[in-house]
Amino acid sequence: MADISIYFKTGYLGTQGTNTNQANDILTWQTLGISRVSFVQSDTDGDGLFDVGTQGNDVPGTVKIYLNDGTVLSLAAAINWRETSGATLDVLGVIFDDGESASISYNGGANTFSIVGGSTANTSSTLGIKAVGSAVTFTDGEDRTGNAATNGLVDNLNDQLSAIPQPSALTLTSASVTEGTNLVYSVTLSSATTATQYYGITLSGTASRGSDYDPNSDLADFTFSNGVTYLGDGTISVPSGVSSFTVTIPTTDDALAEAVETVILQVGNKSATGTILDNEPASLSYSAGTFTESNANDGSISTTITITLTGDTFAAGVVSGSKVSASNVPAGLTASFTRVSDSQVSMTLTGNAAAHANAQDISNLTVTFADGAFTTEGTASNVTNYSKNDLVVDFADPASLSYSAGTFTESNANDGSISTTITITLTGDTFAAGVVSGSKVSASNVPAGLTASFTRV
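In terms of my numbering, the sequence shown opens at residue -16 and continues consecutively.
None of these hints come from the bench; they were simulated from the model.
Don't take each hint at face value.
Said to hold, decoys possible - Simulated restraints on C-beta separations:
(1) N372 - A415: 37 to 47 Å
(2) T161 - D281: 49 to 59 Å
(3) D325 - T171: 25 to 35 Å
(4) T67 - A175: 23 to 33 Å
(5) A314 - T287: 17 to 27 Å
(6) V419 - D325: 47 to 57 Å
(7) T171 - G361: 31 to 41 Å
(8) E125 - G69: 19 to 29 Å
No experiment lies behind these values; they were computed from the predicted model shown.
The beta carbon of each residue, even a glycine, is placed where N, CA and C say it ideally should be.
Construct the entire structure; sequences and hints are all you get.
As structure tokens, this is what we get:
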């Protein structure tokens, strides 16, 4: 959701009098070291205009106060009143929300103005914003009085918006560029500026600043045409006489195989999305190289292998459109694929192999992706590992027990004692830790006087 914002260059701060539409003992923005103030509101209905709130005629939003030292104060507030000269709007009056507070040092730090939110007479603060086209002037220390408008404030504010040239279009010279080349955005204003104007500017998207595009820190390293300047605080200044300008963003040619990345530039309430295409070949990797028979030893396979794509995305129909297949699959098994996400496809082998003794292992199960499997790269063979022919299917023989001997022999003492130890060896599995202690092995038909004893070696 885009924001609507409007910037003003002249105004004052004062203390509310007996009502909210009074500002006493004012100080001008110039005195306070305020370079400009913006009023911002979320454009919830997408019409590019400010809207009233839930409390009558008030216009709620956020006031951003830009100080000369680069500090930006952001405070929740509402336009609540106005000053007029006949039919001419001179001032839009703002009160700050309850609980809001901030301090502005001025006169070289010798003085401080404390902003106090709320509507407490002789305590809370009031912000006055000079309207575009007004000839009104302000003097430090004077008291100002307006009227608590019961209607029309939002119309007044939108009239101010239309009086200032606004971004009307934001386009790209080329919507997609290969990494290492420039994204060039073109901003068109509704009319040429007649004085310096200010607009909010933001970047978003999936691309990473500093690694996918310059700069490492902020937008100051981008190239702006026609004298436009980034001010380091989320705003740009556009000089008089400008009706359009470009923003050039250099992208980075790295050595990484990456998916398609986006850079979303917003100026005012207009935005455009640029796409960075990777110039390294996309590649496929496999989470494992072996499918293993399940413990049931019935020819079924317990393994799931995940195939991960880097530098591109899987087409939506990669599976449903039969753009991936398997060959050399053992009889009785069927290869099954699932598109898990844009970058991953899982593979399983379902069913039961007809022949699944250990001797039937194979090492040439082959997976192949066809043209159309990938979103950007149309030719599958250009993707590393598009065909993999060395996947293993590892079958296991049934677990078995073998005995080192079949006879217990009486000792030489000929006293009924037994001298033989027989070792039982398990192949294809392991003995449980409690096989002996948990009485999981026993002997029967033991001659009277003898006791069978087991030890897990």
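Outcome of the hint check:
no. : hint                    : in the structure
1   : N372 - A415: 37 to 47 Å : holds, 39 Å
2   : T161 - D281: 49 to 59 Å : holds, 52 Å
3   : D325 - T171: 25 to 35 Å : holds, 34 Å
4   : T67 - A175: 23 to 33 Å  : holds, 29 Å
5   : A314 - T287: 17 to 27 Å : holds, 21 Å
6   : V419 - D325: 47 to 57 Å : holds, 53 Å
7   : T171 - G361: 31 to 41 Å : holds, 34 Å
8   : E125 - G69: 19 to 29 Å  : holds, 20 Å
In summary, the structure agrees with every hint in the numbered list given earlier.
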